[in-house]
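Novice: Chain residues, written in single-letter form:
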Amino acid sequence: MLCLNPYGDWLSPTMSTHAKNRIVGASFPRKEGVDKLRGTALYVDDIQREGMWHGGTVRSSVPRAMIRSIGFDRKIDWSQFIVVTAADIPGENRIQMIVADQPCLADGQVNHCEEPILLIAHPDKHKVREAVNAVHIEYEPLPPVFTIEESEKQQTIVWGADNCFKSFLLEKGDVNSAWPQAAHVIEREYRTGAQEHLYIENNGVIAEYTDEDGLTVRGSLQCPFYVHKSLLTVFNLPPEKVRVIQTETGGAFGGKEDYPSVIASHAGLLAMKSGHPVKIVYDRIEDLAATTKRHPSRVRHRTAIDADGKLLAMDIQIDTDGGAYSTLSSTVLSRATLHSPGPYVCPNVRVTSHAWATNSVPYGAFRGFGAPQTIFAVERHMDEIAAAIGIDPVELRRRNFLHQGDTTATEQLMREPVVLDKLLDRALEESGYGEKRARFAKENATSAIKHGMGIAAFYHGSGFTGSGERYLNSLAGIDVTDGKVRVLVSSTEFGQGTNTVLTQIAAETLHLDYDDVTMAPPDTRIVPNSGPTVASRTAMVIGRLIERASSQLIMTLREQAGLPELFSREQFFAACVGLRAKTGEVVSLCRYEAPPGIYWDDQKYRGEAYPAYGWAVHIAQVAVDTTSYSAEVEEFWSVQEAGRILNPVLAAGQVEGGIAQGIGYALYEKVVMQNGRMANNQMTNYIMPTAEDVPPIHVFWEEVPFEHGGFGAKGIGELPHDGPAPAILNAIKDATGVCFSTIPLLPEDLFAKLHVVRKIEEHATV
Amino acid sequence: MSGPLSAIRFNVNGKNQTISVPPMKRLLDVLREDLHLTGTKEGCGEGECGSCSVRMNGELVNSCLVPVLQADKAEIETVEGLACDGVLHPLQQAFLQRGGAQCGICTPGMLMAAKHLLAHNPHPNLAEIREGLAGNLCRCTGFMRIFESVLSAATSQETHAR
Chain A
7 MLCLNPYGDW LSPTMSTHAK NRIVGASFPR KEGVDKLRGT ALYVDDIQRE
57 GMWHGGTVRS SVPRAMIRSI GFDRKIDWSQ FIVVTAADIP GENRIQMIVA
107 DQPCLADGQV NHCEEPILLI AHPDKHKVRE AVNAVHIEYE PLPPVFTIEE
157 SEKQQTIVWG ADNCFKSFLL EKGDVNSAWP QAAHVIEREY RTGAQEHLYI
207 ENNGVIAEYT DEDGLTVRGS LQCPFYVHKS LLTVFNLPPE KVRVIQTETG
257 GAFGGKEDYP SVIASHAGLL AMKSGHPVKI VYDRIEDLAA TTKRHPSRVR
307 HRTAIDADGK LLAMDIQIDT DGGAYSTLSS TVLSRATLHS PGPYVCPNVR
357 VTSHAWATNS VPYGAFRGFG APQTIFAVER HMDEIAAAIG IDPVELRRRN
407 FLHQGDTTAT EQLMREPVVL DKLLDRALEE SGYGEKRARF AKENATSAIK
457 HGMGIAAFYH GSGFTGSGER YLNSLAGIDV TDGKVRVLVS STEFGQGTNT
507 VLTQIAAETL HLDYDDVTMA PPDTRIVPNS GPTVASRTAM VIGRLIERAS
557 SQLIMTLREQ AGLPELFSRE QFFAACVGLR AKTGEVVSLC RYEAPPGIYW
607 DDQKYRGEAY PAYGWAVHIA QVAVDTTSYS AEVEEFWSVQ EAGRILNPVL
657 AAGQVEGGIA QGIGYALYEK VVMQNGRMAN NQMTNYIMPT AEDVPPIHVF
707 WEEVPFEHGG FGAKGIGELP HDGPAPAILN AIKDATGVCF STIPLLPEDL
757 FAKLHVVRKI EEHATV
Chain B
862 MSGPLSAIRF NVNGKNQTIS VPPMKRLLDV LREDLHLTGT KEGCGEGECG
912 SCSVRMNGEL VNSCLVPVLQ ADKAEIETVE GLACDGVLHP LQQAFLQRGG
962 AQCGICTPGM LMAAKHLLAH NPHPNLAEIR EGLAGNLCRC TGFMRIFESV
1012 LSAATSQETH AR
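Protein chains in written order, with this note's numbering: chain A, 7 to 772; chain B, 862 to 1023.
I should point out that these hints are in silico values taken from the structure, not numbers from a laboratory. Bear in mind that the values here come from a model prediction, so they are computed numbers and not experimental data. One should not assume that every hint holds.
[What the hints assert, rightly or not] Pairwise CB distance ranges, derived in the manner of DEER restraints:
id	chain 1	residue 1	chain 2	residue 2	range
1	A	745	B	918	51 to 59 Å
2	A	575	B	868	54 to 62 Å
3	A	76	B	946	51 to 59 Å
4	A	580	B	881	51 to 59 Å
5	B	874	A	423	52 to 60 Å
6	B	881	A	685	36 to 44 Å
7	A	519	B	919	39 to 47 Å
8	B	874	A	487	34 to 42 Å
9	B	870	A	48	23 to 31 Å
10	B	894	A	93	29 to 37 Å
11	B	987	A	607	49 to 57 Å
12	A	477	B	894	42 to 50 Å
[Unchecked claim] Simulated crosslink set (SDA-like; lysine to any residue; CA at most 25 Å straight-line):
id	chain 1	residue 1	chain 2	residue 2
13	A	131	B	895
14	A	133	B	906
15	A	610	A	105
Ideal Cβ positions, reconstructed from N, Cα and C, are used throughout, including at glycine.
Kindly generate the complete structure, drawing on both the sequences and the hints.
Specialist: Right under this line is the structure:
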C-alpha cells in the first residue's frame, strides 16, 4: 500500500468559487497519477503477450504511382516471415471514416509517400526492419499534386471528379449589398502550415486473433469504438468478434483519433495470418513521416466596415489541404468554417470553404480541429482592419463583440451570457496592456530589441458540430461491484483528465468519496459507446450523462432498496447489495438528450452550430531581436470562460499545455515537405518549445455554469490552442510595425521582411 | 539483436545484477526488455526528448544513446527506484499534487532529470529549473506545473531534511 495523503494542502487554495460541492470544483489528484509517477502505468510498448511477434510496414517511396512490381530480396529467408498484402484482407480494403476512400493497404496504386503497401511480421523486431528494407517496389509514376493552388486548378485530378473532398457555403444577410455602404473595405490573405501532434508516445497497437474469440486489439488510441467499427469492415467480422482495448496513452491531441484504425487493421491482419499476437509500435521517424498532421490552410478575408468601426460584411474564403484521402477533412472544414467569423456580430457574412486533395500524407484531427487556422486569420485580420482605419485593436474588437441576445453567422441566438468584455477587461488589467504598449512604443524607437503586445479574442464550440451529438447518441453510466462504483464510458484518458473529472462527478452526485469511484477498463466488451474522446465534449456531454446516471441510481436505490433520503456511504453500498440481490445487477445508464431548443439545418448550414461555446481572450508579450531576427514570447495571459471548472489544477494544465502548443504553432513548428514527403521527420529538426522556450503563462477564469453540461462544465481542451498564434503575430506587428500573415514564423521569415524594411528605412535616411 | 554476448554487472536501483546481453544493446532496451523495468520510455530514439532519462553513476543520461557496455559496473537509477517502501518520493508527491504529470509518458524521464537537478542544486530558482529540464520534452503541460512541482519538492525536501 502506498502511504498517500492525497488531499493534503492544496484543496483549499484551489477550490472553485462554488463551495457547496465537496468534490467537483476541487483539485483532486489525477486518478491514474500514482501509476504514471511510479512508472507502473502500462503503455502499449510496455505490454508483452505470450508468443508475440513484431510487425513492420513497407511504404510507398513516391507520392503518386501505379505499382509495377514488388520484389523480395533473396538474401532474406522469407519462410521465417509472415507477409500480408491487400489480397489477404478478409473484408473490404477500406478504413471506415466519414467516407471510406482510404485503403487499408495500397492495391495497385499509391496516392501519397509512406502509404502502406505490405506488412511483415517476425518474432524478432530487428529482423522485421531488415526485411522491410529488403522489399523492392517498382513504380510507374503518375503526376502528383502538392499544394492547394495546384489542386484547386483541377488540371490534374487526384481524387474523385474534382479534387474537392468537401465544400461549405455559409450565408447570413447579403454581403454584396454591404460593399457600397462601407467606409472601408479591407482585404487580406493568411496562411497556416501543417503541425505535428508530437505526442511523446508514438502510435502503437498489439493485435491477437483466434477463431473462437475473434480479433482483440490493445493500443494507444482515443476512440475505441471508431477502431471497432473500422475493424468490422476490414475483417468482415460481427461486432461481438471484435474487441478494442485502450492502453495507457501517452498523448494524442487528435493524432490518435483516426490513425489507430489504420495501424490496428495492419496488426490485426498480421495476427490473423501468423496465428501470433503481433505488436506494431512506430519509431519516431516512421510516426512523423506516415501519420496525420494539422491541415495547412489559406484563408482570405474581405471585410466592409462602417465609419464607426462596426463590421458591415465579412466575405471569407477558406481552403485547406486535406492530403491524399478524406479522413476527417470534411468535419475539420466544417469547424474551420463555423469559427472563421470570430466572436463578432456582423449582419452580412458569407463563408465559402473547400478541402482539397493533394498527394501528401492525409491530414487529420488536431486539437482545435480547423478552428486554430481560421481564428488565426480572423484575429490577425482584426488587427489589420484596426491599423487600416486607425483605431485601437482592442476598441475595434469591443465595438463588434457578440453579446447575449445577438446572433452568430449561423443565426444562432446567444441565449447564455457572453462575457467577452469582462474577459477582455481582466486580460488588459492583468497584463498591464495599455501601460506596456505605450512604454514599448517609446523604448522601441531606440532599441534593437523591439517589444510588443498582441491580443486575440475567440470562441470554441464545445461538443460535436450541428446535429453531431444527436447522431452519436452516446450511452454512458455507472455500475457498482465489490463496494466500488465504476464509471462506464468509452471516453478515454490520454492526459486531459477524463478519469479524474468523471469520477469526481460520480462521487459528488452519489455523495461518496473520490476514492469510492473508479473507471471501468476502456474495453469495448465492457463499456458502452459514449462516443469518441474528441471535440472538447467529454466534461460537458459525458460528464452530464454520468451526473444523470448517478442521480438515476440514487432514485432506483431509494425506490427499490430502501436507501434513506440522507445516507452514509455504508448505507449506499448496503443498498447496492440489496438491489443486486433483487435485480441481479446495479447498473445505471443514460443516453444523450439534446438541450431543448437546439436546432440545426445541415443543408442551409444554419441554426445552433454548437450547444455551448467556450470564450477566451489571450494576450502575448513578445520581444523581437532585430539583430538576430528571433522572436520570443516573454509572457502570456489567458482569461477564459468555459462553464464550471471541475478541477482547477487539471483545467489550468489544459490551458497552459494548449498555449505551449499554440506558441509552437506560431513560432517553431514547421513541417518541411519535399515532393510530398516530410523532410524533417525527426525531433532533431522538427522543433517544439522546450522548458526554456515557454514563457510564464498566467491563467484566469470566469465561471458561467452551462445548464446542460456536467455540473455546469463546457469544453476546455481545444480552446487554448486557438489564440496564441494570432496574439503572438499581432504582438510582433506591434513590436516591429511589420505585418506577418503566415505561420509558422521562423527567424528566416522575420529576416526576409524586416531586412527589407530596414534597408528601405536606411535608404530613406541617407 | 544477435552476435556475441557480454556479461554486464551493474547495480540497478540498489540491486546488483549480472546479465548476458549483446554489448551494443541500448541501455534503454536492456532496462525494458531484460530487466522488465518498463517505466523508462522511448520517445525519439535519438537523445532529443529525454523520455528515456536515467541516472548512471550520478550523471543524467539518455539511455537510448548508451550502449550497455558503457554501463558495466555502473550504478543506474530509474523511475522505479524513486518510491521507497511504497512511499512516494517528494518529487512524485509534488507532481501528483500540482498537476506535473498529464499523459505520463515523459514523466519518468522528467522525474529523473528533476532528481538530478535537485541532487546538484537543492534550491534551484526558476531559471535553473528551466535549464535543468530543457532536455526533457513534455507536450501536454506547457511545463508550468512541472516547474511548480520541482520548486515545491525542493521546499519539501528541505523540510524533510530538518
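Novice: Take the hints in turn and mark each one as holding or not.
Specialist: Structure-based check of all given hints:
The hint said 51 to 59 Å for the Cβ distance between residue 745/A and residue 918/B, and at roughly 54 Å that hint holds. About 56 Å separates the C-beta atoms of residue 575/A and residue 868/B, a value consistent with the hinted range of 54 to 62 Å. One distance hint, 51 to 59 Å for the beta-carbon pair residue 76/A and residue 946/B, holds here, with the actual separation near 57 Å. Between residue 580/A and residue 881/B, the C-beta spacing of about 57 Å keeps the proposed range 51 to 59 Å intact.
At about 55 Å, the CB distance of residue 874/B to residue 423/A agrees with the hint of 52 to 60 Å. About 41 Å separates the C-beta atoms of residue 881/B and residue 685/A, a value consistent with the hinted range of 36 to 44 Å. Hint check: residue 519/A to residue 919/B, Cβ distance near 42 Å, so the stated range 39 to 47 Å holds. A beta carbon spacing of about 36 Å between residue 874/B and residue 487/A agrees with the range 34 to 42 Å that was offered as a hint.
Between residue 870/B and residue 48/A the beta carbon distance is about 29 Å. The supplied range of 23 to 31 Å therefore holds. At roughly 34 Å, the beta carbons of residue 894/B and residue 93/A sit within the given window of 29 to 37 Å. Taken as a hint, the range 49 to 57 Å holds for the pair residue 987/B and residue 607/A, whose Cβ atoms sit roughly 52 Å apart. Under the hint 42 to 50 Å, the C-beta atoms of residue 477/A and residue 894/B, about 45 Å apart, fit the expected range.
Restraint check for residue 131/A and residue 895/B: satisfied, since their Cα atoms lie roughly 15 Å apart, inside the 25 Å limit. Restraint check for residue 133/A and residue 906/B: satisfied, since their Cα atoms lie roughly 18 Å apart, inside the 25 Å limit. For a cut-off of 25 Å, the pair hint linking residue 610/A to residue 105/A stands: about 21 Å separates their Cα positions.
Of the numbered hints listed earlier, not one is contradicted by the structure.
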